[in-house]
Amino acid sequence: MAEHVILFTGPMGAGKTTAIRSLSEIEVVSTEAGNSERHIVDKATTTVALDYGEIVIGSDDKVRLYGIPGQKRFNFMWTILKKRAKGMVLLVNTDAPDPIGELTFFLEEFRELYDRGGVVVGVTRSDVLDGPSLDDFHEALERTNPGLVIPVFTVDPRESSQMQNMLLALVVNIEMRAAFGAVPAVAG
Amino acid sequence: MATGTGLHTKPAVVKAATTLLADMKGASSSLTYAALLTDDGFDVARYPEKTNGERFAGMASSMQALGDAVTHELKIGDSEYIIIASGKGHVVQLRVPGHELVLSALFDNDATVGHALAIARSFAQKASDLIG
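First to last, the sequence lines map onto chains F and C. Its first residue numbered 39, the first sequence is counted upward by one per residue in the numbering used here. Its first residue numbered 1222, the second sequence is counted upward by one per residue in the numbering used here.
Think of the hints as simulated: they come from the structure by calculation, not from any bench. Ideal placement from N, C-alpha and C gives every residue a C-beta, glycine not left out. It cannot be assumed that every hint is accurate.
[To be verified] Listed below are the simulated DSS-like cross-link pairs for lysine-lysine, each with C-alpha atoms no more than 27 angstroms apart in a straight line: (1) F:120 x F:100; (2) C:1347 x C:1231; (3) F:81 x C:1231; (4) F:81 x F:110; (5) C:1296 x C:1309; (6) C:1347 x C:1246; (7) F:100 x C:1296; (8) F:81 x F:120; (9) C:1271 x C:1236; (10) C:1296 x C:1246; (11) F:81 x F:100; (12) F:110 x C:1231; (13) C:1236 x C:1347; (14) C:1271 x F:110; (15) C:1347 x F:110.
[Said to hold, decoys possible] Short, incomplete list of chain C residues facing chain F, as computed with Cβ under 7 angstroms: (16) 1260; (17) 1261; (18) 1262; (19) 1283; (20) 1302; (21) 1320; (22) 1321.
[As the list claims (entries may be wrong)] Chain F stretches covered by chain C per the calculated footprint, using a threshold of three residues with CB under 8 angstroms from any CB of chain C: (23) 64-76; (24) 81-91; (25) 108-117.
Whenever a hint applies, use it, and build me the whole structure from the sequences.
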């Protein structure tokens, strides 16, 4: 069975915990604490260490799903978690104060995951606010990281089928790049 | 923009917590560092006061949440305290009863783990009483 370790990144409120809960076939390990920053993101709790779930895609691709805490004060966890990951789902909510800035920040911070595997971007909460369009995200990626192959989707992290499609696209991307020698082969 | 709702944003709490940690040092000469922090990783107060506690507050809150995740996974109830022992001292950490706060304290090896835990428990309760 091939095994993938995928990291879910992005700012607080992008939907990382919700996405992992939508995808996981095991009970998700969560580390939630009361959110002191409801004036910034209005939700009751926030992840302070990690989320962890698992899913099997197709007949034999086991995917371990790790979620980071989105706030920079937890960046020591980013260092720990990025070491073991081979790909990234970067979620950005369009109602964040600067969604394009968050995209470029997290991509730069976790750029090694593109080099080791692959990256997909999921744009969330696009129905809530008239924020940047998919074209805006594509343009920002092309401007800041020309030449990288990074699919961009609009997704609802609550919808398991949407998240599975995006995860499958990432796994295929990683395996294709490994097959063509662009990245190291995945563990077998 | 409105200010945050955490205890770290309330000057009266920060002042009282700072005094409490100084008292904790008075109760145990082996105490070399102590921090009160919110469950979501904000530094409320620390001893010595003139240190930067932001990074440690984030780490301690992650550790607390991971401890809770482990006790949940193993179905052994709630996490009461966490101890990290090293060659140069031990960290004792526990929740402040009734509040979304954590007390984390580093003692040197002149203190036994039992003494360190007793002091930490006592001052976690004092913090709870103080904040009300």
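For each hint, the structure was consulted:
{"no.": "1", "hint": "F:120 x F:100", "in the structure": "18 angstroms, holds"}
{"no.": "2", "hint": "C:1347 x C:1231", "in the structure": "18 angstroms, holds"}
{"no.": "3", "hint": "F:81 x C:1231", "in the structure": "20 angstroms, holds"}
{"no.": "4", "hint": "F:81 x F:110", "in the structure": "18 angstroms, holds"}
{"no.": "5", "hint": "C:1296 x C:1309", "in the structure": "32 angstroms, violated"}
{"no.": "6", "hint": "C:1347 x C:1246", "in the structure": "14 angstroms, holds"}
{"no.": "7", "hint": "F:100 x C:1296", "in the structure": "26 angstroms, holds"}
{"no.": "8", "hint": "F:81 x F:120", "in the structure": "26 angstroms, holds"}
{"no.": "9", "hint": "C:1271 x C:1236", "in the structure": "13 angstroms, holds"}
{"no.": "10", "hint": "C:1296 x C:1246", "in the structure": "35 angstroms, violated"}
{"no.": "11", "hint": "F:81 x F:100", "in the structure": "31 angstroms, violated"}
{"no.": "12", "hint": "F:110 x C:1231", "in the structure": "22 angstroms, holds"}
{"no.": "13", "hint": "C:1236 x C:1347", "in the structure": "14 angstroms, holds"}
{"no.": "14", "hint": "C:1271 x F:110", "in the structure": "22 angstroms, holds"}
{"no.": "15", "hint": "C:1347 x F:110", "in the structure": "31 angstroms, violated"}
{"no.": "16", "hint": "1260", "in the structure": "4 angstroms, holds"}
{"no.": "17", "hint": "1261", "in the structure": "4 angstroms, holds"}
{"no.": "18", "hint": "1262", "in the structure": "6 angstroms, holds"}
{"no.": "19", "hint": "1283", "in the structure": "4 angstroms, holds"}
{"no.": "20", "hint": "1302", "in the structure": "17 angstroms, violated"}
{"no.": "21", "hint": "1320", "in the structure": "10 angstroms, violated"}
{"no.": "22", "hint": "1321", "in the structure": "4 angstroms, holds"}
{"no.": "23", "hint": "64-76", "in the structure": "holds (count 10)"}
{"no.": "24", "hint": "81-91", "in the structure": "holds (count 4)"}
{"no.": "25", "hint": "108-117", "in the structure": "holds (count 5)"}
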